[in-house]
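Given chain A, work out where chain B should sit, using these hints.
Number of protein chains: 2
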Amino acid sequence: MNLDAVYSELTLKTPAKLALVVLDGLGDLATPEQNHLTPLEAARTPNLDALARQSAQGRMIPVAPGITPGSGPGHLALFGYDPVEFQVGRGVIEALGLGVELKPGDVCARANFATLDARGIVTDRRAGRIPTETCERLCALLASKIKKIGDTQVLIKAGKEHRFVVVFRGRGLEGPVTDADPNREGLPIPPVKPRDARNAKQKKTARLVAEFYKLALPLLAKEKPANGFLMRGIAHQPAIPTFEARYQLRAACLAIYPMYKGLAQLVGMTKLEGPQTLAEQFERYLAEFDRFDFFFIHHKATDKAGEDGNFEAKKKAIEEFDAALPILLRKKPDVLVVTGDHSTPCAVRGHSWHPQPVLLHSAVSGSDKLDRFTETTANCGSLGVFEAKYLIRLMQANARMFDKFGA
Amino acid sequence: MNLDAVYSELTLKTPAKLALVVLDGLGDLATPEQNHLTPLEAARTPNLDALARQSAQGRMIPVAPGITPGSGPGHLALFGYDPVEFQVGRGVIEALGLGVELKPGDVCARANFATLDARGIVTDRRAGRIPTETCERLCALLASKIKKIGDTQVLIKAGKEHRFVVVFRGRGLEGPVTDADPNREGLPIPPVKPRDARNAKQKKTARLVAEFYKLALPLLAKEKPANGFLMRGIAHQPAIPTFEARYQLRAACLAIYPMYKGLAQLVGMTKLEGPQTLAEQFERYLAEFDRFDFFFIHHKATDKAGEDGNFEAKKKAIEEFDAALPILLRKKPDVLVVTGDHSTPCAVRGHSWHPQPVLLHSAVSGSDKLDRFTETTANCGSLGVFEAKYLIRLMQANARMFDKFGA
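Read top to bottom, the protein sequences are chains A and B.
Each step along the first sequence adds one to the number in numbering that gives the first Met the number 0, with nothing skipped, and position 317 is 316.
Each step along the second sequence adds one to the number in numbering that gives the first Met the number 0, with nothing skipped, and position 100 is 99.
Just chain A, with the same shape it has in the complex (with noise of 0.2 Å):
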């Protein structure tokens, strides 16, 4: 017997409110030229000390040990889900973040702008990234002229620069398939191929990507540079049991970038749209407290200055966040957990592999006797390093929501 079956048939329906906020790329280094300190330690975070006095901690793994996650992978695993067996292929993640509502099935691309020469080898993969405007205009373009290919409908949406996204929408679809792009320069854009060769429906959107082609590219022939372009990461997006389903918790998002907006309706969590600032994403918290059981509040400013290894905007997004936690503190949760999706640190001024600190408040979370929460005194807690995928389940424990298993 698997240990989700475990999980589930332990599982009991309680009026518990767990509420999961992430600050995103939250764990970082301590650096000789920050004084050794990282961000959350040199950041004035008198509400967060407070609770961190009540409260376990912990690091946690994203994927394992080593592997730095991309956004997708780093939030599957906190919402519970193997990121190894549920992987999300690039063109999802793509459309995901440029808010494209996916259906299931739904097969997208990551899409590029690139030039090619008089025999169609690729000169520039980028079409010397070309302006939005260029970008949005080409889309527009394409768009008007390719709605469908035989009963499957072409939804394309651009991105910024030279980027885009395709995504095929019909029956019979799957990915993945291989990439229409050499990777390099100086080459022709191979054909698309499945991936697994006996499987149809790869083989009929080998097929659909290669109409596609056929009919976009003579669109493109008189543009100057961007007369064609590349396709990659092309893949369906995957079957995934809704976390309904998973953990009995009627659950919403209250995010603000459109990528983490889409991996929350991957797994089946309700949007709830409006809020542009953490204390308004608090405020609606409030607002939808007896609608749902589970929420889960995303804060992109900690990653973005983690990426930019701007220590200062990093702090500050963390005070900002503890500012706004008494809003949060009004209606406190049963179950209340304070992590990152992974680690941002400004050192490396980008995700990263180190273990993300973790906090968890519960009436029966006990305290680590903890005067902060940091990345060292997460080190000590009582949590210690697990994998980021059990953390939903350390929530329902918390929330009582398991039965004893055996007797």
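A portion of the hints provided could be inaccurate.
Pairs involving identical chains hold if they fit within one copy or between any two copies, as the list cannot separate such chains.
Unchecked claim - Okay, derived cross-link-like pairs now, DSSO-like style, lysine-lysine, Cα gap no bigger than 27 Å in a straight line:
| id | residue 1 | residue 2 |
| --- | --- | --- |
| 1 | Lys159 | Lys223 |
| 2 | Lys330 | Lys102 |
| 3 | Lys403 | Lys156 |
| 4 | Lys303 | Lys403 |
| 5 | Lys368 | Lys315 |
| 6 | Lys213 | Lys16 |
| 7 | Lys200 | Lys368 |
| 8 | Lys299 | Lys403 |
| 9 | Lys192 | Lys202 |
For the record, the hints were derived by calculation from the structure and aren't laboratory data.
Predicted model, so just to flag it, every value in this text is computed and none were measured.
Coordinates of chain B only, in the frame set by chain A:
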């Protein structure tokens, strides 16, 4: 998709240099007899202390909770090979320990000289622990008379006292086969059988062992007390993917004892011969810095002292390492790990299951703000308690050898 495949797909080749310093049997226990200090705590280690302040720490489970590894599984785990999946027969380990240059497919057996009565009943499984010189004389006698059996080459090498190894080198051989050892006195030597009755190669090995007994026993018939012998752990050297194939790292081994050189050779590391002290090993590391990406540097004295229950000697072995450390740091590797292959607590006088402390230093290891590197500080490190088989993956991450997983 398995995790190794994920790691492989993410691996990037980089110019980074990685060094793994193994203080064999490093971990220990604090006992009242030693003032509640471990040898690592009692030792004066200014250089290691300085490193600790800029490093991450944790503890490693060598195989699985509660399992005490031999040197074979201990090192295979350190090298990142699951020691339960990659089991190496005791014959192979013994042959490696005696410095036999094994080839893939060689079948090896641990052997003991023993005493038999007139009816072939084992009356002393160790032949009264004959002196090593007698063992050497008898091995030379057997080796001079039995060089080949059919097309199979036979190699015989003496060990200490009653111990020796027999290696069968030829085509179509495979282990494991059952032991030619009743495991207690008062019984005859049982005939060897294939572990898998349908395995033709194991059958051939079993016939070969029977033939070897037929040739060897008459040669010993007049000896006293060693007129017979037992054979155990009869198996072939398993096919193990090389370290370089697995990690994209050209690896060198700087070990002094044959067993560790053999284990490194098993995974395809290049043995660098010559050095007789840790200082010389570090000097050689400097000299070979450009030729390899990964250095495995093995220090035996810590384990030996632990096995002897000699606290002072273990402390001294650690201080010897600390004194030599500045040599290594003259060309600081991008990623440096200091750990053991397992604990060998003085109070246990042998290997144990207690997780060994591990220190990891790199530009992105962060600092756990711990002033020293000991069993107790390691308990509060950011690496947590993890399985040794993930160590190389963490080293690769710190060497920035992994691409991001997912978008």
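For each hint, the structure was consulted:
For the identical chains of this complex, Lys159 and Lys223 are intra-copy neighbours only, at 18 Å inside a copy versus 80 Å across copies, given an alpha-carbon limit of 27 Å. In this assembly of identical chains, Lys330 and Lys102 lie within 27 Å of each other by CA distance neither inside one copy nor across copies; the values are 34 Å within and 55 Å between. In this assembly of identical chains, Lys403 and Lys156 lie within 27 Å of each other by CA distance solely across copies; the values are 25 Å between and 50 Å within a copy. In the homo-oligomer, the alpha carbons of Lys303 and Lys403 lie at most 27 Å apart only across protomers (17 Å), although the nearest pairing inside one protomer, at 42 Å, exceeds that limit.
Both within a single protomer and between protomers do Lys368 and Lys315 lie at most 27 Å apart by alpha-carbon distance, with minima of 26 Å and 23 Å respectively. Taking identical chains as interchangeable, the C-alpha atoms of Lys213 and Lys16 are never at most 27 Å apart, the minima being 53 Å within one chain and 48 Å between chains. In this assembly of identical chains, the alpha carbons of Lys200 and Lys368 never lie at most 27 Å apart, being 56 Å within a copy and 54 Å across copies at closest. In this homomeric assembly, Lys299 and Lys403 come within 27 Å of each other (Cα to Cα) only across copies, at 19 Å, whereas the closest approach inside a single copy is 38 Å.
For a Cα distance limit of 27 Å, the shortest separation of Lys192 from Lys202 inside one copy, 7 Å, qualifies, whereas the shortest one across copies, 46 Å, does not.
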